[in-house]
Amino acid sequence: MSKIGIVKEFWEFLRVRKKFWLMPIVFVLLLLGLLIVVTSNTALAPFIYALF
Numbered sequence: 020m021s022k023i024g025i026v027k028e029f030w031e032f033l034r035v036r037k038k039f040w041l042m043p044i045v046f047v048l049l050l051l052g053l054l055i056v057v058t059s060n061t062a063l064a065p066f067i068y069a070l071f
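This note's numbering puts the sequence shown at residues 20 to 71.
Please note: incorrect hints may appear among the correct ones.
[Claimed, not checked] Here are the simulated DSS-like pairs of lysine-lysine, each with C-alpha atoms no more than 30 angstroms apart in a straight line:
#1 Lys22 / Lys37
#2 Lys38 / Lys27
#3 Lys38 / Lys22
#4 Lys37 / Lys27
[Stated by the list, open to error] What follows is a list of derived Cβ distance ranges for each label pair:
#5 Ile55 / Ile23: 20 to 28 angstroms
#6 Ile25 / Phe66: 28 to 36 angstroms
#7 Ala69 / Trp30: 34 to 42 angstroms
#8 Val47 / Lys22: 17 to 25 angstroms
#9 Phe66 / Gly24: 36 to 44 angstroms
#10 Pro65 / Val26: 18 to 26 angstroms
#11 Val56 / Leu33: 22 to 30 angstroms
#12 Leu41 / Ser21: 20 to 28 angstroms
#13 Ser21 / Ala62: 31 to 39 angstroms
#14 Thr61 / Phe39: 33 to 41 angstroms
#15 Val47 / Ile25: 17 to 25 angstroms
#16 Ala69 / Lys38: 31 to 39 angstroms
#17 Tyr68 / Phe39: 28 to 36 angstroms
What the hints contain is simulated information worked out from the structure, not anything from laboratory work. Don't be surprised by glycine CBs; every beta carbon is placed ideally from N, CA and C.
Could you put together the complete structure from these sequences and hints?
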């Protein structure tokens, strides 16, 4: 199954079950994960990890 299929299936789950309140939580978790991946090999990494 492709990653697009997983996103589509997740969207269908949210739409059918009326769980739209989960979207901000998922969005914030994705942003935090992206922040950690992007800054993992830079000099900023110790400062970013200190925030959490």
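Taking the hints in turn, this is what the structure says about them:
Proximity of lysine 22 to lysine 37 is assessed by CA-CA distance (about 22 angstroms); at most 30 angstroms being required, the pair is judged to hold. At roughly 15 angstroms between alpha-carbon atoms, lysine 38 and lysine 27 fall within 30 angstroms of each other, so this suggested pair holds. For a cut-off of 30 angstroms, the pair hint linking lysine 38 to lysine 22 stands: about 21 angstroms separates their Cα positions. Under the criterion of a C-alpha separation no larger than 30 angstroms, the hint pairing lysine 37 with lysine 27 is consistent with the structure, at around 15 angstroms.
Between isoleucine 55 and isoleucine 23, the C-beta spacing of about 23 angstroms keeps the proposed range 20 to 28 angstroms intact. Under the hint 28 to 36 angstroms, the C-beta atoms of isoleucine 25 and phenylalanine 66, about 33 angstroms apart, fit the expected range. Restraint check, alanine 69 to tryptophan 30: a C-beta distance of roughly 35 angstroms satisfies the suggested window 34 to 42 angstroms. Taking 17 to 25 angstroms as the suggested C-beta distance range, the pair valine 47 and lysine 22 conforms, at roughly 20 angstroms.
In this structure, phenylalanine 66 and glycine 24 meet the distance hint of 36 to 44 angstroms, their C-beta atoms being roughly 37 angstroms apart. Distance hint check for proline 65 and valine 26: the Cβ-Cβ separation is about 33 angstroms, which falls outside the suggested range of 18 to 26 angstroms. Look at valine 56 against leucine 33: about 25 angstroms separates their beta carbons, and that is inside 22 to 30 angstroms. Against the hinted window of 20 to 28 angstroms, the Cβ-Cβ separation of leucine 41 and serine 21 comes to about 22 angstroms, which satisfies the hint.
For serine 21 paired with alanine 62, a C-beta distance near 36 angstroms keeps the hint of 31 to 39 angstroms intact. At about 35 angstroms, the CB distance of threonine 61 to phenylalanine 39 agrees with the hint of 33 to 41 angstroms. For the pair valine 47 and isoleucine 25, the supplied restraint of 17 to 25 angstroms holds, since their beta-carbon distance comes to about 19 angstroms. For alanine 69 and lysine 38, the Cβ-Cβ distance of about 33 angstroms falls inside the hinted range of 31 to 39 angstroms, so the restraint holds.
Separated by about 32 angstroms at the C-beta atoms, tyrosine 68 and phenylalanine 39 satisfy the suggested range of 28 to 36 angstroms.
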